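For the sequence shown, my numbering begins at -18 and goes up steadily by one.
Hints are computed from structural coordinates only; laboratory data are not their basis.
Just so we're clear, the structure is a prediction, and the values are computed from it rather than from any experiment.
Treat the hints with care, since some could be wrong.
[What the hints assert, rightly or not] Cβ-Cβ distance ranges computed for the label pairs, FRET-style:
#1 Asn31 to Ile69: 20 to 28 angstroms
#2 Leu(-14) to Glu13: 36 to 44 angstroms
#3 Asp8 to Ser66: 17 to 25 angstroms
#4 Lys(-16) to Ser36: 32 to 40 angstroms
#5 Met(-18) to Ile33: 19 to 27 angstroms
#6 Ile28 to Trp(-12): 33 to 41 angstroms
#7 Ser9 to Leu(-14): 29 to 37 angstroms
#8 Phe70 to Ile47: 16 to 24 angstroms
#9 Ile47 to Glu6: 19 to 27 angstroms
#10 Val29 to Ser58: 17 to 25 angstroms
Yeah, the Cβ is synthetic: ideal placement off N, Cα and C, and Gly gets one too.
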Amino acid sequence: MFKHLIWCAISVTVLSGCATFKTLETDSPLYERVFIYSGTRLDWAAIVRNDIALSRFKVIPPRYPIVDLPLSFALDSLFLPLTVSAEIFH
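Given these sequences and hints, build the entire structure.
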């Protein structure tokens, strides 16, 4: 049962798009980008409906941000060393 629930959550997230990949592959200039935990921040801004924070990312948030939030947090944590160096040197 638990495995089935996990696979459903991953499937919904993949179908709606991953916030981490959306924010890291945006066309905005480097000095305007948010790097550190960008997918988690985008999901949280979509959950609380913070339009000002959403406008900073210049991407459309995932359709189901609550489902995407734990997966984006895990992926953002995995990419943390890369995003910290990108944030320091941009």
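These are the hints, each one checked on the structure:
Between Asn31 and Ile69 the beta carbon distance is about 26 angstroms. The supplied range of 20 to 28 angstroms therefore holds. In this structure the supplied range 36 to 44 angstroms holds for Leu(-14) paired with Glu13, their Cβ-Cβ distance being about 38 angstroms. At roughly 21 angstroms, the beta carbons of Asp8 and Ser66 sit within the given window of 17 to 25 angstroms. Between Lys(-16) and Ser36 the C-beta distance comes to about 38 angstroms, which sits within the given range of 32 to 40 angstroms.
Checked against the hint of 19 to 27 angstroms, the C-beta distance between Met(-18) and Ile33 comes to roughly 40 angstroms, which is inconsistent with it. With their beta carbons about 23 angstroms apart, Ile28 and Trp(-12) fall outside the hinted range of 33 to 41 angstroms. Evaluation of the 29 to 37 angstroms hint for Ser9 and Leu(-14) yields a pass: the beta carbon distance comes to about 36 angstroms. In this structure the supplied range 16 to 24 angstroms is violated for Phe70 paired with Ile47, their Cβ-Cβ distance being about 33 angstroms.
Here the CB-CB span from Ile47 to Glu6 is close to 22 angstroms, well matched to the stated 19 to 27 angstroms. Distance hint for Val29 and Ser58: a CB-CB separation of about 21 angstroms, consistent with the stated range 17 to 25 angstroms.
This entry does not satisfy hints 5, 6 and 8, going by the numbered hints stated previously.
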